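Engineer: Residues per chain are reported as follows:
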Amino acid sequence: MNALTSMMLLPLLGSLLIAVIPNDQVLRIKQAALGTTLLIAISGVMAWFKFDAGNTSLQFVQISQWIPSFGINYAVGVDGLALVLILMSVLLAPIVVLAGWNESEGGRWSVKVFYILILVLETMMIGVFAATDIFLFYVFFEAMLIPVYFLIGGFGSGERAAAAVKFLLYSLFGGLLMLASIIGLYVIAGKHGGHTFDVGQLSELHKFMSPTTQNLLFLGFFIAFAIKAPVWPLHTWLPDAAAAATPGTSVLLLGVLDKVGTFGMIRFCLALFPDASKTFTPIILVLAVISIVYGAFLAIGARDIKRLIAYTSISHFGFITMGIFAMTSQGHSGATLYMFNHGFSTAALFLVAGWMISRRGSSTISDFGGLQRVTPVMAWSFFIAGMSSLALPGLSSFVSEFLVLVGTYTRYPVAAVIATFGIVLAALYILIPVQKALHGPTTPGNENLTDLNLREKIAIAPVIAVIVALGFYPAPLLNVINPASAHVIASQGFTDPVPSESAGK
Amino acid sequence: MTTSTSLVYLIALPLLGATVLLLAGRRSDKWGHLLATALSASSFGVGLYQLSQMLARPTEERAVTQKLFSWINVGTFNVDAGLLLDQLSICFVLLITGVGTLIHIYSISYMSHDENRRRFFAYLNLFIAAMLLLVLGDSYLNLYVGWEGVGLASYLLIGFWNQKPAYATASKKAFVMNRVGDMGLSFAIMIAFATLGTVSFSGVEEASHTASKAALTAIGIMLLVAATGKSAQFPLQAWLGDAMAGPTPVSALIHAATMVTAGVYLIVRSNFIFDAAPTAQLLVVIVGAITLTFGALVGTAKDDIKKALAASTMSQIGYMILGAGLGPAGYAFAIMHLLTHGFFKAGMFLGAGSVMHGMNDQVDMRRYGALRKFMPITFATFGLGYLAIIGVPPFAGFYSKDAIIETAFNAGGVKGILLGSTALLGAAITAFYMTRVMVLTFTSKQRWEDNQHPHESPLLMWAPMAILAVGSVTTGFLFTRGDALVHWLSPVVGEHAEGENLLLQPIVVSGLALLAVAIGVAIAIMKYQLSEVDAIAPHDVSVFTRIARKDLLQDSFNEAVFMRPGQALTSLLVKGDQNVVDGAVRGIGRTALGAGSVLRKTQTGFARSYAALILIGAIVLIAGIWVVTQ
Numbered sequence: 001m002n003a004l005t006s007m008m009l010l011p012l013l014g015s016l017l018i019a020v021i022p023n024d025q026v027l028r029i030k031q032a033a034l035g036t037t038l039l040i041a042i043s044g045v046m047a048w049f050k051f052d053a054g055n056t057s058l059q060f061v062q063i064s065q066w067i068p069s070f071g072i073n074y075a076v077g078v079d080g081l082a083l084v085l086i087l088m089s090v091l092l093a094p095i096v097v098l099a100g101w102n103e104s105e106g107g108r109w110s111v112k113v114f115y116i117l118i119l120v121l122e123t124m125m126i127g128v129f130a131a132t133d134i135f136l137f138y139v140f141f142e143a144m145l146i147p148v149y150f151l152i153g154g155f156g157s158g159e160r161a162a163a164a165v166k167f168l169l170y171s172l173f174g175g176l177l178m179l180a181s182i183i184g185l186y187v188i189a190g191k192h193g194g195h196t197f198d199v200g201q202l203s204e205l206h207k208f209m210s211p212t213t214q215n216l217l218f219l220g221f222f223i224a225f226a227i228k229a230p231v232w233p234l235h236t237w238l239p240d241a242a243a244a245a246t247p248g249t250s251v252l253l254l255g256v257l258d259k260v261g262t263f264g265m266i267r268f269c270l271a272l273f274p275d276a277s278k279t280f281t282p283i284i285l286v287l288a289v290i291s292i293v294y295g296a297f298l299a300i301g302a303r304d305i306k307r308l309i310a311y312t313s314i315s316h317f318g319f320i321t322m323g324i325f326a327m328t329s330q331g332h333s334g335a336t337l338y339m340f341n342h343g344f345s346t347a348a349l350f351l352v353a354g355w356m357i358s359r360r361g362s363s364t365i366s367d368f369g370g371l372q373r374v375t376p377v378m379a380w381s382f383f384i385a386g387m388s389s390l391a392l393p394g395l396s397s398f399v400s401e402f403l404v405l406v407g408t409y410t411r412y413p414v415a416a417v418i419a420t421f422g423i424v425l426a427a428l429y430i431l432i433p434v435q436k437a438l439h440g441p442t443t444p445g446n447e448n449l450t451d452l453n454l455r456e457k458i459a460i461a462p463v464i465a466v467i468v469a470l471g472f473y474p475a476p477l478l479n480v481i482n483p484a485s486a487h488v489i490a491s492q493g494f495t496d497p498v499p500s501e502s503a504g505k
Numbered sequence: 001m002t003t004s005t006s007l008v009y010l011i012a013l014p015l016l017g018a019t020v021l022l023l024a025g026r027r028s029d030k031w032g033h034l035l036a037t038a039l040s041a042s043s044f045g046v047g048l049y050q051l052s053q054m055l056a057r058p059t060e061e062r063a064v065t066q067k068l069f070s071w072i073n074v075g076t077f078n079v080d081a082g083l084l085l086d087q088l089s090i091c092f093v094l095l096i097t098g099v100g101t102l103i104h105i106y107s108i109s110y111m112s113h114d115e116n117r118r119r120f121f122a123y124l125n126l127f128i129a130a131m132l133l134l135v136l137g138d139s140y141l142n143l144y145v146g147w148e149g150v151g152l153a154s155y156l157l158i159g160f161w162n163q164k165p166a167y168a169t170a171s172k173k174a175f176v177m178n179r180v181g182d183m184g185l186s187f188a189i190m191i192a193f194a195t196l197g198t199v200s201f202s203g204v205e206e207a208s209h210t211a212s213k214a215a216l217t218a219i220g221i222m223l224l225v226a227a228t229g230k231s232a233q234f235p236l237q238a239w240l241g242d243a244m245a246g247p248t249p250v251s252a253l254i255h256a257a258t259m260v261t262a263g264v265y266l267i268v269r270s271n272f273i274f275d276a277a278p279t280a281q282l283l284v285v286i287v288g289a290i291t292l293t294f295g296a297l298v299g300t301a302k303d304d305i306k307k308a309l310a311a312s313t314m315s316q317i318g319y320m321i322l323g324a325g326l327g328p329a330g331y332a333f334a335i336m337h338l339l340t341h342g343f344f345k346a347g348m349f350l351g352a353g354s355v356m357h358g359m360n361d362q363v364d365m366r367r368y369g370a371l372r373k374f375m376p377i378t379f380a381t382f383g384l385g386y387l388a389i390i391g392v393p394p395f396a397g398f399y400s401k402d403a404i405i406e407t408a409f410n411a412g413g414v415k416g417i418l419l420g421s422t423a424l425l426g427a428a429i430t431a432f433y434m435t436r437v438m439v440l441t442f443t444s445k446q447r448w449e450d451n452q453h454p455h456e457s458p459l460l461m462w463a464p465m466a467i468l469a470v471g472s473v474t475t476g477f478l479f480t481r482g483d484a485l486v487h488w489l490s491p492v493v494g495e496h497a498e499g500e501n502l503l504l505q506p507i508v509v510s511g512l513a514l515l516a517v518a519i520g521v522a523i524a525i526m527k528y529q530l531s532e533v534d535a536i537a538p539h540d541v542s543v544f545t546r547i548a549r550k551d552l553l554q555d556s557f558n559e560a561v562f563m564r565p566g567q568a569l570t571s572l573l574v575k576g577d578q579n580v581v582d583g584a585v586r587g588i589g590r591t592a593l594g595a596g597s598v599l600r601k602t603q604t605g606f607a608r609s610y611a612a613l614i615l616i617g618a619i620v621l622i623a624g625i626w627v628v629t630q
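If you read the sequences in order, they're chains A and B. Be aware that the first sequence starts at 1, since it is given in the numbering used here, and climbs by one per residue. Be aware that the second sequence starts at 1, since it is given in the numbering used here, and climbs by one per residue.
Bear in mind the hints are in silico, worked out from the structure with no lab data behind them. These figures come from a predicted structure and were not determined experimentally. The C-beta atom is built at its ideal place from N, Cα and C for all residues, glycine as well. Possibly wrong hints are sitting among the right ones.
[To be verified] Label pairs and their calculated CB-CB ranges:
1) Asp555/B - Arg303/A: 19 to 27 Å
2) His539/B - Thr364/A: 35 to 43 Å
3) Thr210/B - Val414/A: 24 to 32 Å
4) Thr279/B - Ile42/A: 55 to 63 Å
5) Phe421/A - Thr279/B: 22 to 30 Å
[Unchecked claim] Some chain A residues flagged as far from chain B (calculated, every beta-carbon gap over 12 Å):
6) Leu13
7) Val20
8) Pro22
9) Gln25
10) Ala47
11) Trp48
12) Thr56
13) Tyr74
14) Val120
15) Gly193
16) Gln201
17) Leu216
18) Ile284
19) Leu392
20) Pro444
21) Asn453
Same shape as in the complex, but just chain A (with noise of 0.2 Å):
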C-alpha cells in the first residue's frame, strides 16, 4: 500500500483497537497508543530512507478518484518539504504520548476519549501535510480543528472553553476566506481546461488570473495560514490556547498544526499566486520581523510559562515567515528546517514545563524558584531546550535561524538586521525565566519537587538527541530539504542574489 496512505490508516486502526478495549483498562489504553503511535513513527522514518533526495517530483503518490462528478481526488504525494513535516509529526506523536502519560486523566471525559482524538488527530496531521488535492487538503484542514478543540475543551485547564471556542472561531474564519479562495480557483480551472482540485494543475491557472484576481485570492489563503502560523497581529488565541491545552496537546498544536500555516504559505500561496505573492512580500515581510520582534517582548512581559512559551513561537514562526518570503535558497531552506527544528524545541519547552507545571500546581514563573538544586534533571532538560529556542549555536536550531537571516540579508537587509535584535532579546526571554525558576534560592514550596522518572526521562531524552544532533549534522535534513526549496525558487522565477563583491559584479 501506499506509504503515506497506510500512515495517515495505521492512527485510524489504533484508534478502533482502543475503542473496544473496556474503559476501565486505561493502562491498556495507553499502551496501545504509544505502540500505534511508535510504529507510525517507525514507517515515517522508512519513508524518509526510501525517498530519493535528488529527485523533485512528488514521490509516494496516490491519486483515487473520489468525487468524480466535481473533479475531486483522494491524491497525496509528498515532496521533501512535506516529508520533513510529516517525520516531525510523527516523531513528536509518541514522544507526546509518553511524557503526558497522565495527561488524559481527570478530563471531562474518558482516557479512551483523549488518545482516540489524539490518533485521529495524528492521521489528520499527515494528511493535511500529504494532500496534493486542494479539496481534500481543506478537509484536513479544517476538519484537525475538531480533534483540537476537544482536546482544549476537554481536557485542558483553567480557561478551556473560551480558549478552545476563541482557537475555534479564528480558525473558522480563516477556514472559510481559503474556502472562498479555493471555491474561486475551481471556477477559473473550469474555464481553462476543466474543474480540477489537483495542485499541480491549479498552479498553472495564475497565467490567467488578473492581477485583482489574484491577489484576491492570495489573501484568502493567506489570512487562513497567518492565522494558523500565528503572524502578528493574528495571533492572539495562539497565547490562550496554550495556556490552557495540555502540555502534550500544545506541542501537537504549536509544533505540529501552526505548521500547516507556513507550509501552506509555500505550497499554495507561492505556487499558486507567484505574482500576488511578489506582490505583498513587502507586507508580509513587515509582519514577519513584526512578529519576531513583538512575540519576543511579550514573551519577556511574560509571567505564565506556557504563555511565555507560545509567544517564543509567535517570534519564531515570524522567522520562518520571513525565511519563506525572502525567496533566496538559503531562506527557504532555513525555513523549513526551522520548522522541523521548531517542533522540537517547542516539544522539549512545553514538555518540561508541564511536567513542572504539574508537579507545581501553578504554572506562573514566579512560584519556581531554585530547582536546580532541587530537580537537577528537569531543571538541565528546560535549560537545554530554552538554549535551543534562544538557538545556540551546536543546537539544532541556531542552524536554521542563521540560514534564515543570512539568506534574508542578500536580499532584504533590512528586515534580516532588524530580525536580529531577536536574537538579544531571546536571551533575555530564556534567561530571565531560567533565572526566576532554576536559579536563585529554593523557593518555599519546592523544597519535596521529584525529579523526572524513568518515563518522563525516556521522552525527553530523545528530543534532546534530535536538537543536538542535528545542531552538529544537519546534512541529513538539508539533504531532503533543498531540492524542494530549490525547486520553489527557481519555479518563482527567483535566483540567489550573487555577492556583490565577487568577480562578476
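Following the hints, complete the assembly by docking chain B onto the known chain A.
Structural biologist: Okay, now just chain B, sitting in the frame of chain A:
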C-alpha cells in the same frame, strides 16, 4: 595546505570530559575532577605534539587544516566543520590548554569543599573545548560556535553559585551583553556572505584583495562590535566586573587569561579585513584607548580585590585591542601582550583566590594587610605578576606593553601622539592601582580581626601559581629574543617594515614608560603604605572616586538608556496585546461578520455551536460548488 587528522583531538578530549561528567552526574563525584584535569592535560599534550610537528615543517607549510565533515550546505552557502591550526592559533591552543590545565589543578584543591566540584570541572572542560573551537575554526561561522560556546560556559561558571540571586543576575547580564556583541558577529558573517560570497577565513582573505572598502569597513566594524562584547571593551564592558561572582579560578582562566581575549584574536585573525579598512581600524584603536583608560580609572577605586583585577583586565585588553588596531606593526605585539598577560594576570587571580582561601573568602582589600608574613609564596608569586603587569624590566609585561606604547607613538601624526600618550598615562595609572592592590593586601598594616587565621595555601594551589610566576618573569624576554614571536606570526599577520622616521626611539619610550610607572608606584606607596588606610571605605571622598567606585556610572547609564525603557516598552506591549490587538481583531470580526450574538453564545457553548458552524461551512461549500458547476 598541509592536512592533519589529529587536530580534532584537541577539542574532543575536553568535550568528552564535559559530556561524561555531566551525564554521569553524582556517580562521577569521586573521580570527575581527576578525569577533567587529565583530559585538559592530554589536550595540552596534543598541542605540544602539534607544535613540534609545526616546527619541523618549513615556514610556508606550517599551517595545517582538518575537514571533519560538511556542516551546512545550502545553495552557495557552504560551511565545513573544518579546523585550522597555524602559527596564530597554536599560541592560543597552548595558552588555553596550558594555563587551563594549571587552573584545573589549582581548582582540585580550591573547590575541594564544594559539593558540586564535579559540575565545576565539567563546565571547565566544556569551556576549554569551546575556546579551542573558537581559535581552531577555519571560518567565521565555526568561530561563532566556539564564540557562543565560551559564552555559555562563562554563563554557567559565573552563575556557579547561582543560589545567590546577585550571582544569578550577574551571569544573565554577562550572557545578554555578550549576545549584543554576538549580534555584531552575525552581521559580519551576513555581510561577508552577501558581499564576498564566503565566510571562511581563507575565502574572505582572498576576496578582501578585490573587495570594496565599504564592504570591508562594514565587516570590520561589526567584528569590532563582536570583540567589544566578548572582550569587555567600551561600550559593552559592564558585565566583566559582575562576572567576578564566579569562583576565582574561573576569573583567572575565562575572565583574564583566555575568553576575554577572544576579541583580540578575532581582530588579529581578520587582519586582512582591517588592513584594508582604515576607518574600522581607527575605531579599533579608539575603543582600545578608551577602554584602557576606563579600566585603569575604575581600577583605582575598587576595594574588592577581584574587581580591581577585573578592571585591570579590561584595561590590559584595551592595550591589546589598541595594539591590534595599529595594523601589521601591532598585531604581533597585541598577541604578545595577550600571552604575557595570560601568565601574569592568571597568576594574580589565582593569588587572589589563595588570599581569599586564607581569609575566609574575604575580598575587601581594606580588611587585608600584612599578609606577606602569613602567605609568603602567594606574596612572591603575586609580586612577580605585579612587577610584570606594571612593566618593570625584565619582567614579561615590560616587553609586551612597551612594544604597544612604542608602536602607538609611532602610528604617525596627531593620532600617534594621542594614542601614545594615552597608553603612557594608562601605564602610570596601572602602576598606581596595582601598587595599591599589592600594598593593601600584602605590605600595609594588618586591618583584619585577630580571630582570622590567614595561612598559606596547599601545594596543589601554590604550584600552579609558581609556574605562572615563572612565566610572568620569562615570557617577555623569550618572545622578544631575536623578535621570535614577531617572526613566528608574520606568515599570518604580515610583515611590517621598521619605519625610518620614528617619532620616538625605543629607548626613549622605555624611559618615559619607566618614569610613568615610577610616578604611579610612588603615589600609591605614599597614599597606602606610608599613611593609614581605613578598614571601612570612607564616604567623604571626591566626586571622581565616587564615580569610579560605580564603574564610571556604566550601569546607571545602561539602566537609564536600555533597561528601563525596555521594561516600559515590554509592559506597554503586554497590556496592548490584550486590549488593543486582541480587542481590535475581535471588534473587526464582530463588525464584519455581525457575529456578536454568535460570539456571545459560543462563550458558553462548545460542541453544538461548533457542529453548527461546520455545517454552515459545508453547506456553503456544497452550494458554492453547485452554483459554479451549473
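Engineer: Determine for every hint whether it applies to the structure shown.
Structural biologist: Hint-by-hint comparison with the structure:
As the Cβ distance of Asp555/B to Arg303/A is approximately 26 Å, the hint placing it in 19 to 27 Å holds. For His539/B and Thr364/A, the Cβ-Cβ distance of about 41 Å falls inside the hinted range of 35 to 43 Å, so the restraint holds. For the pair Thr210/B and Val414/A, the supplied restraint of 24 to 32 Å holds, since their beta-carbon distance comes to about 26 Å. Between Thr279/B and Ile42/A, the C-beta spacing of about 59 Å keeps the proposed range 55 to 63 Å intact.
For the hinted restraint 22 to 30 Å between Phe421/A and Thr279/B, the CB-CB distance of approximately 24 Å keeps it satisfied. Leu13/A, annotated as away from the interface, keeps every beta carbon of chain B farther than 12 Å; the closest lies near 25 Å. Residue-level check passed: Val20/A sits 24 Å from the nearest beta carbon of chain B, beyond 12 Å. In this structure Pro22/A is separated from chain B by more than 12 Å, as the shortest Cβ-Cβ distance comes to about 25 Å.
A cut-off of 12 Å between C-beta atoms confirms that Gln25/A is not in contact with chain B; the least separation is 26 Å. The Cβ of Ala47/A sits about 23 Å from the closest Cβ of chain B, beyond the 12 Å cut-off, so the non-interface label holds. Its beta-carbon lying about 18 Å from the closest one in chain B, Trp48/A satisfies the requirement of being farther than 12 Å from that chain. Here Thr56/A stays apart from chain B, with its beta-carbon at least about 15 Å from theirs, past the 12 Å limit.
Listed as a non-interface residue, Tyr74/A keeps its Cβ farther than 12 Å from every Cβ of chain B; the least gap is roughly 17 Å. Interface exclusion of Val120/A from chain B stands, the closest Cβ pair being 15 Å apart, more than 12 Å. Residue-level check passed: Gly193/A sits 15 Å from the nearest beta carbon of chain B, beyond 12 Å. Once the 12 Å rule is applied to beta carbons, Gln201/A is consistent with being away from chain B; the minimum gap is 17 Å.
Its beta-carbon lying about 15 Å from the closest one in chain B, Leu216/A satisfies the requirement of being farther than 12 Å from that chain. For Ile284/A, the shortest C-beta to C-beta distance to chain B comes to about 18 Å, beyond the 12 Å cut-off, and the non-interface label holds. At roughly 6 Å from the closest C-beta of chain B, the C-beta of Leu392/A falls inside 12 Å, breaking its exclusion from the interface. With a cut of 12 Å on Cβ distances, Pro444/A stays outside the contact zone with chain B, its closest approach being about 15 Å.
The Cβ of Asn453/A lies farther than 12 Å from every Cβ of chain B, with a closest approach of about 15 Å, so its non-interface assignment holds.
Violated hints amount to a single one, hint 19; each of the other numbered hints is respected by the structure.
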